Structure formats: structure tokens, C-alpha cells
Amino acid sequence: MSTVPGGSAPAVGGPDDDARAAVDRAHRDDWATVLATTVRTARDLDLAEECVQEAYAAALDSWPRDGVPRNPAAWLTTVARRRALDAIRREQAFRVRMPLLVEAPDSVDPHDPAELATAEPDGLADVGAPDDLLRLVFLCCHPALAQEAQLALTLRLVCGLATPDVARTLLVSETTMAARITRAKKKIATARIPFRTPRTADLPERLPAVLGVVHLLFTAGHTAPSGPTLVRGDVAERALGLARRLHRLMPDEPEVGGLLALALATDARRATRVDDAGRLVRLEDQDRSRWDRAALAEADALVVAALRSGRAGRYTLQAAIASLYAGAPTYAETDWPQLVTLYDRLLELWPSPVVALNRAVPLAEVRGPAVALAEVEALALDPQLERYPYLPAVRADLLRRLDRPDDAAAAYREALALTANEAERTFLAERLSQCEPTRRN
Amino acid sequence: MAQYAILIFDDPTAGDYTPEQQEASKRYADDLVASGAMVTAFALHGADTATSLRSDLVTDGPFVDTKEVVAGFYVVEAADLDAALDLARANPAVAWGRGGLEVRPVGGSFTPAAR
Chain P
1 MSTVPGGSAP AVGGPDDDAR AAVDRAHRDD WATVLATTVR TARDLDLAEE
51 CVQEAYAAAL DSWPRDGVPR NPAAWLTTVA RRRALDAIRR EQAFRVRMPL
101 LVEAPDSVDP HDPAELATAE PDGLADVGAP DDLLRLVFLC CHPALAQEAQ
151 LALTLRLVCG LATPDVARTL LVSETTMAAR ITRAKKKIAT ARIPFRTPRT
201 ADLPERLPAV LGVVHLLFTA GHTAPSGPTL VRGDVAERAL GLARRLHRLM
251 PDEPEVGGLL ALALATDARR ATRVDDAGRL VRLEDQDRSR WDRAALAEAD
301 ALVVAALRSG RAGRYTLQAA IASLYAGAPT YAETDWPQLV TLYDRLLELW
351 PSPVVALNRA VPLAEVRGPA VALAEVEALA LDPQLERYPY LPAVRADLLR
401 RLDRPDDAAA AYREALALTA NEAERTFLAE RLSQCEPTRR N
Chain E
1 MAQYAILIFD DPTAGDYTPE QQEASKRYAD DLVASGAMVT AFALHGADTA
51 TSLRSDLVTD GPFVDTKEVV AGFYVVEAAD LDAALDLARA NPAVAWGRGG
101 LEVRPVGGSF TPAAR
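Taken in sequence, the protein lines are chains P and E. Positions 1 to 441 (the working numbering) are the ones given, in order, by the first sequence. Positions 1 to 115 (the working numbering) are the ones given, in order, by the second sequence.
Hints were generated in silico from the structure; no laboratory data involved. Keep in mind that the hints are not guaranteed to be accurate.
Looking from chain E toward chain P, a few residues come up when the C-beta cut is under 7 Å (computed) [as the list claims (entries may be wrong)]:
(1) A2
(2) D80
(3) L81
(4) D82
(5) P105
Derived CB-CB ranges, DEER-like [said to hold, decoys possible]:
(6) R244/P / A113/E: 51 to 61 Å
(7) T341/P / G97/E: 33 to 43 Å
(8) R54/E / A378/P: 39 to 49 Å
(9) A21/P / V39/E: 54 to 64 Å
(10) T229/P / G100/E: 36 to 46 Å
(11) L349/P / V94/E: 18 to 28 Å
(12) K186/P / D48/E: 32 to 42 Å
These numbers come from a predicted model, not from an experiment. Note that beta-carbon positions come from the ideal geometry of N, C-alpha and C, so glycine has one too.
Input sequences plus hints: build the corresponding full structure.
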């Protein structure tokens with residue numbers, strides 16, 4: 001993915017490459033905080049983005065010559081804010097602006113010449129204040145924006161992805177994505193969606209959107225909705241990084257910890273979910289010795305802490321389920337009854353037919369495939385699952401275990417017709433072929 | 001500060017407001033006036049009294065044929081969208097399950113000078 005303008009590193013090492021590497025690193029680690037703080041000065045998303053991009057370009061020019069500054073984020077923020085102030089001074093008289101972002105009272109009002117005259121970015125302290133980053137996240141995930149716009153803005157502004165990369169990540173065309181981002185920015189300015197952290201009282205209402213965006217992003221990376229590969233590691237890593245950052249910013253919100261745990265516990269198995277040929281490997285056939293134990297341990301600790309808070313939500317329970325699945329020494333030794341209990345709790349909190357379908361898997365182990373099949377067949381009537389490929393896939397597996405190969409084959413065919421991911425299609429086709437030879441004609 | 005129009009959508013088949021609901025609505029409006037947030041407000045007669053124009057075609061009824069129709073609108077002054085949504089959320093009609101509110105930033109306004 002292209003990160004920094006002109007940032008393709010030459011093959012040989014040297015001071016230039018060190019500086020370039022430092023710029024790349026600063027782009028990956030600090031983009032969001034530099035932008036968030038610059039937004040507070042610029043009070044205009046486009047202007048802030050422009051200035052931050054210029055600051056990174058300036059770094060590419062100056063760091064190889066003058067050395068990498070001790071605090072790269074502070075350096076970049078100072079340059080970006082100075083440019084924002086310059087631009088405002090220059091264009092104040094004639095520029096037709098979008099309405100300014102509404103914002104916390106401690107900011108410079110770019111429309112007040114008296115304030116502008118004295119405002120110098122070096123004098124504006126708290127570079128990279130964590131609050132700024134949270135403001136940016138909550139702005140991107142404001143409920144007044146459609147979720148597809150929230151996703152796009154988060155990738156663009158918080159993750160610092162260029163629009164073509166955002167388009168690729170979310171599997172839409174560049175023109176569609178550019179239009180979507182422009183429209184969202186226009187709404188932020190026109191409807192005056194504030195650049196502000198929500199009041200604590202509003203967090204229960206505002207946090208789910210943020211968590212939903214990160215979760216959706218992670219899911220999109222974990223199992224690509226379509227395309228040749230099952231996992232898109234770069235997307236999953238962005239989401240994991242975001243979850244980690246949010247957890248650092250809001251350590252007392254159990255669901256943030258729950259989401260991070262869910263991402264960690266799922267991602268810990270990434271290397272084993274497909275074989276060397278890119279074919280899907282089922283959980284029961286995965287090589288457990290290759291799972292990332294450190295990530296699983298971290299997830300486990302987060303789950304325990306979130307459960308202990310007494311405010312465990314759906315992400316914590318999902319993480320507890322993922323963690324329990326991963327914690328068993330072998331698939332056969334999985335604690336199935338405990339899984340059913342966790343799914344029951346999750347269903348109470350989040351009555352989703354998808355959750356009910358996932359519950360059928362441990363249920364088949366505890367009470368047998370016939371009981372599970374009855375539940376899955378009842379779920380098939382739910383219109384929400386009408387085109388959900390995992391439903392016929394789960395049904396097919398249960399039918400296969402009940403020694404009904406004809407019905408299983410029909411269900412595998414149904415699942416194949418609904419699946420667009422190539423790795424999953426190959427797996428289903430193989431299962432289908434295993435059912436077909438036994439057919440009595 | 002900015003102005004936001006709040007459009008009230010209501011399901012007319014749900015019948016008239018009860019006296020308690022009318023009283024609650026009045027209290028809400030009074031509060032908005034007392035706080036200085038209310039700019040202007042209009043209640044409209046029922047959608048069955050509406051007449052629509054398309055090109056030169058005149059038809060009976062509201063412009064868009066939906067279950068909920070615009071029953072009135074008011075304009076409030078608020079610092080930002082969150083503040084406007086807070087004001088809208090305080091409208092007791094939101095909780096009555098017979099419609100809802102749409103909040104739109106005002107792009108401009110015009111009132112002819114009194115003669």
C-alpha cells in the first residue's frame with residue numbers, strides 16, 4: 001500500500017533509508033494523532049489532511065538532510081499546524097469555506113485575526129493529545145453518518161489510507177469511494193457534527209458505532225467477503241491496531257477490551273486457517289501448535305477482566321467463546337457445555353439468528369446432531385438468514401454426520417451457490433464430492 | 001450557533017393526541033421558548049387537507065405517500081448537531097411510537113420586513 005508520497009525505499013541501506021524508514025514508521029504510528037491535532041487548528045478536515053500530507057512530504061525532504069527529530073510526531077504536528085495557520089491567514093479574505101468544524105473551546109478560532117496573529121503552533125502545547133485522537137474517532141463514527149461512511153472515514157482519517165486503498169479495502173470502486181468520503185465530509189461540516197469526545201453519559205450510545213466499525217473492519221479482513229484469498233492480513237492488522245489504540249484510550253470500557261480480545265483470539269489462528277495452497281482448514285483440523293500463544297494469553301486476560309467488570313457485552317462474550325475454542329488442547333476436548341452456556345448468554349444480550357446458528361455447532365456436540373439440525377432448520381425460516389451461506393453449510397455438515405448424504409449434498413450445493421470467497425468455495429466443493437459418490441441412484 | 005429545522009413526522013391513523021400528550025407537547029415548546037432555543041414553530045392541519053402540485057397537475061393529499069406524514073416543524077438554535085439532537089430528543093413525541101423527527105441544518109432563511 002502506498003503510504004507516504006514518494007516513499008518507495010531504495011534497495012541499499014544508508015542514512016537516507018533510515019530517514020525514509022522513520023517517515024514510514026511515523027506515517028503508520030502517528031498519522032492519526034498528527035491529523036487529529038491539526039484538525040483542531042485547521043477546523044476543516046480537508047485543509048487538515050492537506051497540511052498533514054505536506055508535513056510528511058517535508059519530512060521526506062528534511063529528515064535525510066537534518067536527521068530524524070527526537071519526537072517525530074511533534075515535529076510533524078508542528079509543521080502541519082504551521083501550514084494550516086499560514087493557509088488560513090492567506091486565504092481568509094477570499095476563500096469560500098465550508099462551515100468550520102464545531103469544536104472544543106480551547107482551540108484557535110481561525111476567523112479571529114487577533115487570535116491568528118499570536119497563534120504559533122509551537123505555543124500550542126499537548127501535541128498528540130490522546131483526546132484529539134478520540135475526538136477524531138468519534139467524529140468518524142458519529143451516528144448521523146451511515147455506517148459505510150463511518151468505515152470509509154475511519155480508514156481515511158484515522159488509519160491514514162489513501163482513497164484508492166480505502167476503496168480496495170471496502171471493495172468498492174474508487175469513484176464511489178471518493179464520492180462517499182466527500183459526501184460524509186460535507187455532512188460533517190454542514191450539519192455541524194462536532195469534533196468532540198462524547199460526554200460520559202452518552203458513551204453507551206456512542207461507543208457501539210465505534211466498536212461496530214472496528215469489528216466490521218476486522219471481519220472484512222478475517223474472512224474476505226469475496227476474492228481469491230480467505231484472509232486479508234493487512235486489513236485485519238489495521239483493525240487490530242485500531243482496537244489496541246482504543247483500548248489504550250478507554251481502558252475502563254469493558255467492551256473495548258472485549259473487542260480487542262476478540263480480534264486477538266481470532267487473529268491468533270490466522271496462520272493455520274488456510275493450508276499452503278490457500279485452502280480452508282477447519283478449526284478441528286488446524287495445527288494448534290502454530291497458534292500465537294502470546295496473543296491468546298493476552299486475549300484471555302482481557303476477557304477475564306471484562307467479565308469481572310460485570311458489564312460484559314456482546315464483544316466480550318464473543319471473545320470468551322473464541323478464547324474457549326482456542327484454549328482447548330484438542331478440538332475434541334473443547335468445553336462444549338460451557339460454549340453452549342456462553343452462546344445462551346450472548347443470545348440474551350444480542351438475539352441474532354447468526355449467533356443462534358453458531359450455537360448449533362457446540363449444541364451438536366452436547367446433545368447430538370439431530371437436536372442441532374432441528375434448531376438450524378427452524379432458523380432457516382428467518383428471512384435474515386435467507387442468503388447466509390453458513391446456514392446451509394452448517395446444515396450440510398449436520399446432515400452428513402446423520403448419514404443423510406443426499407440431503408447433505410443438496411445443502412452443500414445451496415451453500416456453494418451463496419459463497420463468493422474462493423477458499424471457502426473449494427472447501428465446500430470438496431465436501432460435496434465426498435457426499436456424492438455414496439449416492440444410491 | 002446554527003439553526004436546525006426539526007420536522008415532525010406522525011402517523012395520522014393513530015388518531016388525535018390525548019390531552020396528556022397535548023399538554024406534554026406544549027410544555028416542551030414552552031421550555032424551548034424559555035431557554036431561547038426556539039426560533040419559530042408551525043403546526044400543520046392534517047395531511048387529508050393537503051393538496052399537491054406536480055408540473056401543472058393538482059392532486060389531493062400529501063406529496064409523498066407514506067405512513068408517516070409531516071405534521072409540523074420548528075426551527076431551533078443550537079451549537080452543533082449533538083446539541084440539536086439533544087433538543088429534538090427531548091420532544092415527548094419521540095417516545096410515542098407513532099412517528100419521529102428529522103433534524104436538518106437550515107441553509108438560509110428569509111422573512112419579509114413587516115410593513
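> Against which earlier hints does the structure fall short, listed by number upward?
Replying inline: Per hint list: zero violations.
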